[in-house]
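Colleague: Now for the letters of each chain:
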Amino acid sequence: MRKLFRSSNIVVALGASVLLAACAASGTVSGGYGGSGDESAVKELVRNVGDRVFFATDSAALSSDARSTIMRQADWLKTNGKSLTIEGHADERGTREYNIALGARRANAVKDYMISLGVDGSRLETVSWGKERPVSLCAEDACWSKNRRSVSVIQ
Amino acid sequence: MIKIIMRKMIVVLVVLAAQISVSFAQDLLRIDITQGNVDPLPIAINPFQGQNDQPSMIGADIANVVKSDLNRSGLFQSINPAGFIEKDLRVNARPRFGDWRIINTQALVIGKVSNLEDGRISIEFRLWDVVAEQQMMGLQLISTPSNWRWVGHLVADAIYERLTGETGYFDSRIVYVDETGPKNRRVKRLAIMDQDGHNPRLITTGQSLALTPRFSPTAQEITYLSYANRQPRVFLLNIETGQQEIVGDFPGMTFAPRFSPDGQKIIMSLERNGNSNIYTLDLRTRVTRRLTNTLAIDTAPCYAPDGERIVFESDRAGRQQLYVMDADGKNVQRISYGEGRYATPVWSPRGDLIAFTKQLKGRFLIGVMKPDGSGERILTEGYHNEGPAWSPNGRVLTFFREQKGEKAGPGLWTVDVTGYNERPLKTPGFASDPAWSPLIR
Chain B
1 MRKLFRSSNI VVALGASVLL AACAASGTVS GGYGGSGDES AVKELVRNVG DRVFFATDSA
61 ALSSDARSTI MRQADWLKTN GKSLTIEGHA DERGTREYNI ALGARRANAV KDYMISLGVD
121 GSRLETVSWG KERPVSLCAE DACWSKNRRS VSVIQ
Chain Y
1001 MIKIIMRKMI VVLVVLAAQI SVSFAQDLLR IDITQGNVDP LPIAINPFQG QNDQPSMIGA
1061 DIANVVKSDL NRSGLFQSIN PAGFIEKDLR VNARPRFGDW RIINTQALVI GKVSNLEDGR
1121 ISIEFRLWDV VAEQQMMGLQ LISTPSNWRW VGHLVADAIY ERLTGETGYF DSRIVYVDET
1181 GPKNRRVKRL AIMDQDGHNP RLITTGQSLA LTPRFSPTAQ EITYLSYANR QPRVFLLNIE
1241 TGQQEIVGDF PGMTFAPRFS PDGQKIIMSL ERNGNSNIYT LDLRTRVTRR LTNTLAIDTA
1301 PCYAPDGERI VFESDRAGRQ QLYVMDADGK NVQRISYGEG RYATPVWSPR GDLIAFTKQL
1361 KGRFLIGVMK PDGSGERILT EGYHNEGPAW SPNGRVLTFF REQKGEKAGP GLWTVDVTGY
1421 NERPLKTPGF ASDPAWSPLI R
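Quick mapping for you: the protein sequence lines, in order, are chains B and Y. If you're matching positions, the first sequence starts at 1 in the numbering used here and goes up one per residue. If you're matching positions, the second sequence starts at 1001 in the numbering used here and goes up one per residue.
It should be emphasised that the hints constitute simulated quantities derived from the structure, not laboratory data. Just so you know, not all the hints are guaranteed correct.
[Stated by the list, open to error] Only pairs whose alpha carbons sit at most 25 Å apart, straight line, appear in this in silico BS3-like list of lysine-lysine: (1) Lys78/B - Lys43/B; (2) Lys1426/Y - Lys1404/Y; (3) Lys146/B - Lys1361/Y; (4) Lys146/B - Lys1404/Y; (5) Lys1426/Y - Lys1407/Y; (6) Lys146/B - Lys43/B; (7) Lys1183/Y - Lys1426/Y; (8) Lys1361/Y - Lys1407/Y; (9) Lys1183/Y - Lys146/B; (10) Lys1183/Y - Lys1407/Y; (11) Lys146/B - Lys1407/Y; (12) Lys1404/Y - Lys1183/Y.
As the structure is a computational prediction, the values presented were derived from the model and not from experiment.
Chain B with its partners taken away, still in its complex shape (with noise of 0.2 Å):
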């Protein structure tokens, strides 16, 4: 059993603590883009093999385009003894819980075709961020389709 924080110290009028929000949203909040300090490892894999795969809505399916992608990460990988961290998010327009199981629906369907390339799987974890974090904003499929999405972070 963990205790992580005793809710007593955090209790704060809710005005003031709206406008701490704001400041505190850029730093310390969790939302899945962590990573290792090797900053050109990052550049790499980011600009150069690709981080990120896309879906079809409602699906986990790996198009041509995204095994491609994966591919090339396998190849990176192989390169280096980097480990991964595999991130699923899907869009806003379906419910929250199950858009967490969809997001690790993708994430693990980009882990096991890694694997089929020969990544080793201890190599490859898997995160859910459901659609707790897009990046695209906009209320139109441009937006919707980059936010259903996979990204691979170095652990």
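Following the hints, position chain Y against chain B.
Modeller: The following block gives chain Y in isolation, referenced to the frame of chain B:
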């Protein structure tokens, strides 16, 4: 030290001894709330008077809470006191019914607040049927002055119960997720407030995303999803002490938690290798039990109030649909067959209905159906409505509604199970994932 005080204060409820008028067997006022669009009952609620029939600040405050509760229910329409003819009202005197009939009042509430020697206050009130010229109820409550808002809710519950024959729900709370910050970096904290939106307080820090809070049957604890440690896990939070713990020691991510009706178990989804199945954890023995075993997404489980059955959503047939199974996972039956997808089922505390979110042609609807899947009715629909939760008497639903747009955020709403009386529920900021507390009496 935070104290969400639920039952610490002493309230003494006494039926007023002196019945002012003798009640004959005759039809008194009654609201049938099973009808849809009933005309609200006109009710006159006088500011409760103080010592020696003087005006009382606290008495006026209490009457305003009663008024606002009853008006929000949609079943009552309180009459503007500016039009009252009889002014010198006393709680122990018969009102002049003719003066009230002229302004079309059907029910009349007269109350009084007096100070006791020990610092507490005594609240007495009577409910009159103006048409039958009969007293319907006379009650006395004793409490501390700081509890005036709570006293108001108890008075409103008593009136609601006397006039509808249903259990009241005004003395209850709502836990929800307070949302701040931009959409791509949203901070989500648990917050708790009275059912009318008053006394909101944050109960988690916002350091980790907090989602889907649900009350225990005693309303002392909340189970919810937290991203502490950057992995979704089901937590248990004691709202009086602030202590928290992870629920169970599962290998994968756990989510979508709810208590069993006896409070002994938590039912939730466990995800492994992309598959989500339904499990229970016994909070005393720590024994876990797997209830579903599919390659599909099985989630959002919710017990029937008798604990015998469980409703959940699954995409095992291709798309999200609702299923009911026995508490041991046997006899799984699909109950939703309509067009679209069905999600987030919640069993009514009365047992008679299951509320759900339905996605149809790009719209998000809130509806109800019977536990066998028949009698589907849509209560509200729009761009995005999600996550219904029942009032403790099963007559009202709260849910959240998202507005379209980058800067938009969700807010809480309520709607009667009849589909009428849809209203926003005011919160200090964006709010989602509401859950209603049970009644503790």
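Colleague: Let me make sure I understand: some of the numbered hints might not hold for this structure. Which ones are they, in numerical order?
Modeller: none
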